[in-house]
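Q: Each chain, written out:
2 protein chains.
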Amino acid sequence: MNNYPSTLLEQAVNEMSSLPGIGKKTALRLVLHLLKREPSEVLNFSQSFTRLRNEIKYCTECCNIADQLVCNICADKNRDRSVICIVEDIRDVLAIENTQQFHGLYHVLGGIISPMDGIGPSDLNIDQLIVRVSTGEVKEVIMALSATMEGDTTNFYLFRKLSDFPIKISTLSRGVAVGDELAYADEITLGRSILNRTLFEKNFQK
Amino acid sequence: MNNYPSTLLEQAVNEMSSLPGIGKKTALRLVLHLLKREPSEVLNFSQSFTRLRNEIKYCTECCNIADQLVCNICADKNRDRSVICIVEDIRDVLAIENTQQFHGLYHVLGGIISPMDGIGPSDLNIDQLIVRVSTGEVKEVIMALSATMEGDTTNFYLFRKLSDFPIKISTLSRGVAVGDELAYADEITLGRSILNRTLFEKNFQK
Chain A
1 MNNYPSTLLE QAVNEMSSLP GIGKKTALRL VLHLLKREPS EVLNFSQSFT RLRNEIKYCT
61 ECCNIADQLV CNICADKNRD RSVICIVEDI RDVLAIENTQ QFHGLYHVLG GIISPMDGIG
121 PSDLNIDQLI VRVSTGEVKE VIMALSATME GDTTNFYLFR KLSDFPIKIS TLSRGVAVGD
181 ELAYADEITL GRSILNRTLF EKNFQK
Chain B
1 MNNYPSTLLE QAVNEMSSLP GIGKKTALRL VLHLLKREPS EVLNFSQSFT RLRNEIKYCT
61 ECCNIADQLV CNICADKNRD RSVICIVEDI RDVLAIENTQ QFHGLYHVLG GIISPMDGIG
121 PSDLNIDQLI VRVSTGEVKE VIMALSATME GDTTNFYLFR KLSDFPIKIS TLSRGVAVGD
181 ELAYADEITL GRSILNRTLF EKNFQK
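Chain order of the listed sequences is A and B. Oh and the first sequence: position 53 is 53 in this note's numbering, straight run, nothing missing. Oh and the second sequence: position 6 is 6 in this note's numbering, straight run, nothing missing.
Bound conformation, chain A alone:
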């Protein structure tokens, strides 16, 4: 139905709408916004993506995105090198860093096992994780993956891979979120939060 008056416009709209969650109408709005900017601004806009894609490096230790060979977190001498938190991608690293409750290192898997999307264990940074754990420096591994079917599958796979090493393997606690009313919590979450109840003092020690 949409007969764009220009093929250049059509191409730009198609490229923009190839991003997840951006439909044709939103894409057109964004592209028309770009058209109103200065050519030099649009050049900076475009180049930032090609530069990122071509020049980005991944930390040789934790597989996180980095500017150098080793990322800021892995290079930080003040962090506890005996604890590794396993996460799906860099957004989870940012989310956990924002809590300021974790002072160990990370390991970025680059995804989770999802047969539906054709992602198997070989597509993830699991070999590097085994190498890190086998050095003996690591005492605990925290599984911080999404509370979904795919996350649980990945948890289970990693647990089997890591169970031979003399390390503690823990996972994020599941339960009622802070601020939630019990009446609106779903059954499974509420059920788990009763089974995994914590001693009263524990919550206040933090």
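Think of the hints as simulated: they come from the structure by calculation, not from any bench. It is possible that some hints are incorrect.
Derived DSSO-like pairs (lysine-lysine); straight-line CA-CA distance at most 30 angstroms [said to hold, decoys possible]:
#, chain 1, residue 1, chain 2, residue 2
1, A, K57, B, K25
2, A, K25, B, K77
3, B, K24, A, K36
4, B, K25, A, K36
5, A, K25, B, K25
6, A, K57, B, K24
Starting from the known structure of chain A, fit chain B onto it as the hints suggest.
A: Leaving out everything else, chain B in the frame of chain A:
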């Protein structure tokens, strides 16, 4: 709070979030999506915007976006050249074209008069409109601007500019939208739809 692990990533996120309606979190999601694509795909993505910005032309007749000097609609010999529909931007052209109810030509103002945003009559393609109307070929001008304060201001300004020419000046009908329940229509719209009521047959002739 967000300490991105890479300045390249930070720049890309900042550029993406400079688009209207895209926040930092969405921008990060979109940029990480681009990172997973092939470098050649990202290059095509980026180049589509710079090419659009640098190579885009505007139709010399209706000021619409075009690949050639004259846009497809103005070049179409089958369209009624005696009626001009005045719209704010190219999205309105697409919306009206999709109705398949209009067979005349357009004139794209490139905005509406909005003192709050510093947009005055001289920033719009009004002079070109006067030139088109003064050729004598035009018999009717339809004002198809947004039903907002700025739209009404622009309507009034154009009406004064065009009132000296021997042409019919009309505007889009305002009223209850098709599919709306009366109980939920706002007072002003409902009031106007009573004042501007149409004869019963008219609705069925279409």
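Q: The structure should be examined with respect to each hint, and the outcome stated for every one.
A: Verification of the hints:
1. About 21 angstroms separates the Cα atoms of K57/A and K25/B, which keeps this hinted pair within 30 angstroms; it holds.
2. For the proposed pair K25/A and K77/B, the alpha carbon gap of about 29 angstroms is at most 30 angstroms, so the pair holds.
3. Between K24/B and K36/A the CA atoms are separated by roughly 22 angstroms; this keeps the pair inside 30 angstroms, and the hint holds.
4. For the hint pairing K25/B with K36/A, the CA-to-CA distance comes to about 24 angstroms; that is within 30 angstroms, so the pair holds.
5. Proximity of K25/A to K25/B is assessed by CA-CA distance (about 21 angstroms); at most 30 angstroms being required, the pair is judged to hold.
6. Of the pairs offered as hints, the one joining K57/A and K24/B holds, with about 22 angstroms between alpha carbons and a cut-off of 30 angstroms not exceeded.
Consistency note: the structure conflicts with none of the earlier hints.
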